[in-house]
Amino acid sequence: MKRRLLLQAGSAAGALGLAGCASIGGSGAKVVVVGGGYGGATAAKYVRMWSDYGIDVTLVEPNAAFVSCPISNLVIGGSKTLGDITTPYDNLEKRHGVKVVKDYVTSIDPEKRMIKLASGGELPYDRLILSPGIDFMLEGLPGLRQPGAQEKVLHAWKAGPQTVALRRQLQAMPDGGVYALTIPLAPYRCPPGPYERACQVAHYFSKAKPKSKVLILDENDDVTSKGPLFKKAWAERYKGIVEYRSKHKVVDVDVATHTLKFEFNDDIKASVLNVLPPMRAGEVAVKTGLATANRRWCEVDFLTFESKAAKNIHVLGDAIQVAPLMPKSGHMANQHGKTCAAAVVALVTGKPVNPLPIYNNTCYSFVSDEDVVHVASVHRYDAAQKTMLTVPGSGGVSTMANELEGRYAMAWARNIWADTLA
Amino acid sequence: MKKICRALAAVSIMAAAASAQAQAPDPLQVRSWAASCANCHGTNGRAQPGMESLAGVAKEDIAKKMLDYKAGRRPATVMHQLAKGYSDEQIEAIAGYFAAQKK
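Chains V and X, in that order, give the protein sequences. If you read the first sequence in the working numbering, its first letter stands for residue 1, the second for the next number, and so on. If you read the second sequence in the working numbering, its first letter stands for residue 1, the second for the next number, and so on.
Because the hints were derived from the structure by calculation, they are not lab data. Careful, some of the hints might be misleading.
As the list claims (entries may be wrong) - 27 Å max Cα-Cα, derived DSS-like pairs, lysine-lysine: (1) X/Lys-84 with V/Lys-94; (2) V/Lys-249 with V/Lys-112; (3) V/Lys-247 with V/Lys-287; (4) V/Lys-386 with X/Lys-103; (5) V/Lys-94 with X/Lys-102; (6) V/Lys-351 with V/Lys-99; (7) V/Lys-30 with V/Lys-152; (8) X/Lys-102 with X/Lys-64; (9) V/Lys-351 with V/Lys-386.
Said to hold, decoys possible - Using C-beta positions, here's what the derived DEER-type ranges look like: (10) V/Thr-257 with X/Gly-72: 51 to 59 Å; (11) V/Gly-396 with X/Ala-58: 24 to 32 Å; (12) X/Arg-74 with V/Pro-324: 25 to 33 Å.
No residue lacks a Cβ here, since even glycine has one placed at the ideal position from N, Cα and C.
The following block holds chain V by itself, in its conformation from the complex (with noise of 0.2 Å):
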């Protein structure tokens, strides 16, 4: 078996020289994980390394590289480039023996067990981890699905081309304009991205266009995370230039004369439009039936993140129905990913799944290109409700946006990048 999982692994798990040491874990099990970000690289390399590197494991993911939604607001601010938020997936091969296949998944049978692929060829696994992120809702905006539209209105909330795009738009807008980002109603990815977005796109005004107005146009009834301190940073750093309107639907926007369409406010025509369309998991799990909260989210048992909906294929990260207060952020879905890759390793191996999950979630927002704000949390495993709860007492937020903070956010960076994909 260990010269099954050499070939098959290649020159990387034979670096690791699998003879060395007794196995504990080698159970030649096939395990596929679908979606190379924090949910799913995170939870290959655990995997691999639970399993003493006796599991097999294929990463299906079809950009070359890994670009982080965190940290890709910095991007548009312009304080950081495309290359300082993207990792290669080379080290997940080398040190870790995962096969990382560049390709997209078209259909799952999970009758079968098995996974298509878009270039024609089929993998099939013993469990499946499904890390599929999220997918736009463009059924409420009829604008948006007109033939060129999504490459004028930008959405840039998948780090990589659109982040680089989005930038561009700015630097291009004349000093004078304005700038407007709409916010979907909550759950969506990423809680207080967008208007750590607003801060970054003022920041850079402030310095380059101090004519320029970014506009906030908010379908929630306020601003749903750090909302005193992001507040505070738009009415003292950037006076004049962020202007926060709450309970703005959006319902269509006509891209020809850059405007919005509200269900009850007036029109709003602006420089630069930034449209976060309303979020829904990945389409491959929406596909296969697995979005089975509002036909939008996953349903998972939180000790092992195994679909409620199909047995043997488990849903991380953004795509999955959440515990309460569970933020959809970068940072939980490595730790799904590490919970979800112990509960694999016990099950293929016949061991007992952990029964007490406990994890923490901590999450930076830059207020300008230096200075920081985190919201903290720690989740644990409640039996009798069968889901994540914070730990009363536990938690917090930034008394103030301070730099030392930004130093520990670009620390947090390095080191979940490494912890994911190193």
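Since chain V is already given, all that's left is putting chain X on it; use the hints.
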């Protein structure tokens, strides 16, 4: 691979210790709890620059720091908020896991 063998040896020593003390948590459970620190403090406590490494630090030192954060005796930006999410026994167990990791 040597690293892995050492880590496994540490886990099995912990397992032996666990069976000696009936109340001690399962070492694999402790490994999972400790892994939730890795987002900031590095896989198995070996941190990237700018954050404190926990691997190979004496158990008493990690536990004391955490209990001081928890009690509000030690100033922090985040750790006083996170430490309050763990019981004293969980803190002891996690500290023991990191102490057993290679620096």
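Each hint, compared with the structure:
In summary, the hint linking X/Lys-84 to V/Lys-94 is not supported, as the alpha carbons are separated by about 38 Å, beyond the 27 Å threshold. For the proposed pair V/Lys-249 and V/Lys-112, the alpha carbon gap of about 43 Å is over 27 Å, so the pair is violated. Taking the CA atoms of V/Lys-247 and V/Lys-287, the gap is about 31 Å. The hint is violated against a cut of 27 Å. The straight-line distance between the Cα atoms of V/Lys-386 and X/Lys-103 is roughly 37 Å, outside the 27 Å bound, and the hint therefore fails.
For a cut-off of 27 Å, the pair hint linking V/Lys-94 to X/Lys-102 stands: about 21 Å separates their Cα positions. Between V/Lys-351 and V/Lys-99 the CA atoms are separated by roughly 25 Å; this keeps the pair inside 27 Å, and the hint holds. A threshold of 27 Å between alpha carbons decides the hint, and for V/Lys-30 with V/Lys-152 the separation of about 42 Å lies outside it, so the pair is violated. Proximity of X/Lys-102 to X/Lys-64 is assessed by CA-CA distance (about 20 Å); at most 27 Å being required, the pair is judged to hold.
Between V/Lys-351 and V/Lys-386 the alpha-carbon distance is near 20 Å, which keeps this suggested pair within the 27 Å criterion. The beta-carbon spacing between V/Thr-257 and X/Gly-72, approximately 56 Å, falls within the hinted interval of 51 to 59 Å. For the pair V/Gly-396 and X/Ala-58, the beta carbons lie near 28 Å from each other, so the given range of 24 to 32 Å is met. The given range of 25 to 33 Å is respected by X/Arg-74 and V/Pro-324, whose C-beta atoms sit roughly 30 Å from each other.
This entry does not satisfy hints 1, 2, 3, 4 and 7, going by the numbered hints stated previously.
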